[in-house]
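2 protein chains.
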Amino acid sequence: MAGTDRQQQIAAERLNAPVIVLVQPQLGENIGMCARAMLNCNLTELRLVAPRDGWPNEAAVAASSGAARVIDNVRVFPTTAEAVADLQFTLATTARGRDLVKKIHTPQSGTAEIRRRALDMGQKCGILFGPERTGLENDDIARADAILNIPLNPAFSSLNLAQAVLLVSYSWHAQAPESPTVPLAAPAAEGNMAPASKGDVDNLLRHIEEELDSHRFFRSPDMKPTTLRNIVNMFTRMEMTVQDVNTLHGILSALTGKRSWK
Amino acid sequence: MAGTDRQQQIAAERLNAPVIVLVQPQLGENIGMCARAMLNCNLTELRLVAPRDGWPNEAAVAASSGAARVIDNVRVFPTTAEAVADLQFTLATTARGRDLVKKIHTPQSGTAEIRRRALDMGQKCGILFGPERTGLENDDIARADAILNIPLNPAFSSLNLAQAVLLVSYSWHAQAPESPTVPLAAPAAEGNMAPASKGDVDNLLRHIEEELDSHRFFRSPDMKPTTLRNIVNMFTRMEMTVQDVNTLHGILSALTGKRSWK
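In order, the protein sequence lines correspond to chains P and X.
Note that the numbering used here gives residue 182 to position 133 of the first sequence, counting from 1, and the numbers run on in steps of one.
Note that the numbering used here gives residue 238 to position 189 of the second sequence, counting from 1, and the numbers run on in steps of one.
Treat the hints as calculated values from the structure; they're not laboratory data.
Watch out, some of these pointers could steer you wrong.
One copy or two, either will do: identical chains are not told apart, so a pair holds if it fits within one copy or between any two.
[To be verified] Calculated pairs, DSSO-like style, for lysine-lysine (alpha carbon to alpha carbon, straight line, at most 27 Å):
#	residue 1	residue 2
1	152	307
2	151	307
3	173	307
4	173	151
5	173	152
6	273	173
7	152	273
8	247	173
9	247	307
10	247	152
11	307	273
12	151	273
Taking the hints into account, I'd like the entire structure generated from these sequences.
Take a look at the structure:
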């Protein structure tokens, strides 16, 4: 039946859909409008990092115009690292980050990359958006796999949060194959060769930082944040597999003479 | 000068840009948000057909977030026919009109058609949007050259006026032949941010191997070639800059307590 086909198609698309992560959103109304924009585009998984006004939020519900499917399943995390811990590929939406050596995507190329990774490799992907006024912090940008920049009129480029989420979500949605059959994810890489989760990568980065601290790698406290961010960015670009993470833990243990790490 | 080139490029793009026509818009706030979305995407020509609350409208100015270039040049017409009288090709944005024998465009294909007509044939084009609740009337749809339909989640497809204008405007803007905004990849890097030479990378890889050897990382000689190849591959994927290579030499020195390497 055509109706059933469409239902299956929508369900299959959702399986591979990216997670939207709002980092420290301020206004409940904006969260609700983001939820609405997401559901317009068949995205349903919304995560919040430390929303200013807590959660649940009545203003968000009101502004969502009935996008209960998104609002009711919102997950809240205290930190960005925890919010993306199970994801394998993330994009950081920002107009900044030009000083980092990192690929910069448009909404079209970024969501095409996510679609490819999700469909061909079964990867779980996410797209991060920062707080309304300030945008994502450099540390969050450094830990993302690539930057997503929405190219707008340079003389008038301010976009509100929900509009940014709408443009990116629509870019993803507009690339849906019109064919009634959406191929289900067939992971190319399994086990040790699968992409490491962000949580495992984060754990490794903490291992590296701890050893660098105890070996006095950072000569001055002032320089540490910048140097560490570059190191984080460098290792993030490596797109580590599960095995790579284990190998790097092993290298650190060998070089420092310590046998194991938490 | 690059700045002048950019100005000229933006000016040239605007010459061929479509007019946005809001038919009987109700809320000034929505008109203002439409103006903002248009200017975000380098569209500047807004026409209103019989706006409910008249014109000028203070709420529109406030909601436009400074898009004075659009607001100050708004033109108001009593009827749709008069608003489009000088245009040569129009699209009617609607979810209806399926019973009319008329081409249906997506935002992508519709704005591509407009771009082609404007650039190749010098045609002046417009995109019509109806009132907030009811959308365009059938008579206005019938007089348009084609329908523009924004494909959304069929179970949740309501979009506010400014969001619809944003998606359509962005579709047009994103097709700019040379987007005057963002490069697709990180800008060409120089000095410490330039890609490391293969020789420098090779030197670093030998540094790593030597330290791993002296710290008995490779448990069995048989396994060393495979493990080392994986490590080489992993660090190669990092696409190191000159600075990254120096940082990694520094990390190895710090962790092993040796101050320098050949």
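Results for each hint:
no.	hint	in the structure
1	152 - 307	neither (35 Å within a copy, 34 Å between copies)
2	151 - 307	neither (33 Å within a copy, 31 Å between copies)
3	173 - 307	neither (33 Å within a copy, 41 Å between copies)
4	173 - 151	within (20 Å within a copy, 40 Å between copies)
5	173 - 152	within (19 Å within a copy, 37 Å between copies)
6	273 - 173	neither (32 Å within a copy, 33 Å between copies)
7	152 - 273	within (24 Å within a copy, 33 Å between copies)
8	247 - 173	within (10 Å within a copy, 33 Å between copies)
9	247 - 307	within (24 Å within a copy, 32 Å between copies)
10	247 - 152	both (18 Å within a copy, 21 Å between copies)
11	307 - 273	both (24 Å within a copy, 21 Å between copies)
12	151 - 273	within (20 Å within a copy, 32 Å between copies)
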